[in-house]
Amino acid sequence: KAGVTQTPRYLIKTRGQQVTLSCSPISGHRSVSWYQQTPGQGLQFLFEYFSETQRNKGNFPGRFSGRQFSNSRSEMNVSTLELGDSALYLCASSRGGNSPLHFGNGTRLTVT
Amino acid sequence: DQQVKQNSPSLSVQEGRISILNCDYTNSMFDYFLWYKKYPAEGPTFLISISSIKDKNEDGRFTVFLNKSAKHLSLHIVPSQPGDSAVYFCAARSIYNQGGKLIFGQGTELSVKP
Chain G
7 KAGVTQTPRY LIKTRGQQVT LSCSPISGHR SVSWYQQTPG QGLQFLFEYF SETQRNKGNF
67 PGRFSGRQFS NSRSEMNVST LELGDSALYL CASSRGGNSP LHFGNGTRLT VT
Chain B
13 DQQVKQNSPS LSVQEGRISI LNCDYTNSMF DYFLWYKKYP AEGPTFLISI SSIKDKNEDG
73 RFTVFLNKSA KHLSLHIVPS QPGDSAVYFC AARSIYNQGG KLIFGQGTEL SVKP
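Protein chains in written order, with the working numbering: chain G, 7 to 118; chain B, 13 to 126.
Read the hints as simulated data drawn from the structure, not as lab findings. Virtual Cβ for every residue (Gly too), placed ideally from N, Cα, C. One should not assume that every hint holds.
As the list claims (entries may be wrong) - Here are some chain B residues pointing at chain G (derived, C-beta under 7 Å):
{"id": "1", "residue": "Tyr-44"}
{"id": "2", "residue": "Gly-55"}
{"id": "3", "residue": "Pro-56"}
{"id": "4", "residue": "Gly-112"}
{"id": "5", "residue": "Phe-116"}
{"id": "6", "residue": "Gln-118"}
{"id": "7", "residue": "Glu-121"}
{"id": "8", "residue": "Ser-123"}
Please take these sequences and the hints and turn them into a complete structure.
See the structure below:
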């Protein structure tokens, strides 16, 4: 069974630009969550989508947004990039309910 | 306000011995706890979980213990192997967020020496 796939693996962007990251969940998983990992803040929850609806949102500014498609694939978008957005962005999928999250290998975003 | 804390940033253990990783939490509304292992340049890998209705869960070499009164959980790895060297994160889920929102600790880097 294929795991969670995230593309691209690496991205370099300039301040002020916008970026879109993609995530394909494990087949059959309807919940997709996004996390940001930085050395200072650790792993922080961005948002979760379930059946194309945002079910939960973390404490991030509105520049961070996402969506989920009918096949459960998800994208997250960051607009007006800032230097502090440089991080590893992780996507995780689950069946929902009380089941564990399974993570992809992340997209490393560098903002210069 | 760090609701999940892993107070030891690193731990070094001899191969074959027991590794004990600790995690404390402050939110009494947490009812599901998980441990993840992370290698550099990879995403976290799920290891083992425990519901708040239990105090112990085992899976092979991995055992998680939960002490609700102390708001403390621990992961035991027996016997430890060099391939276990990685960063370990504990995570918790609130009863109010039965989905993908986990609160993570800062991680403990485990080094298992041959």
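Hints versus structure:
1. Tyr-44: This hint holds: Tyr-44/B lies near chain G, its Cβ roughly 6 Å from the closest one there, short of 7 Å.
2. Gly-55: Interface hint status for Gly-55/B: holds (4 Å vs cutoff 7 Å).
3. Pro-56: 5 Å, holds
4. Gly-112: Holds: closest Cβ of chain G sits about 3 Å from Gly-112/B, inside 7 Å.
5. Phe-116: 4 Å, holds
6. Gln-118: OK, holds: Gln-118/B within 7 Å of chain G, min 5 Å.
7. Glu-121: 13 Å, violated
8. Ser-123: Status violated, d = 19 Å.
Of the numbered hints stated above, those contradicted by the structure are hints 7, 8, listed in ascending order.
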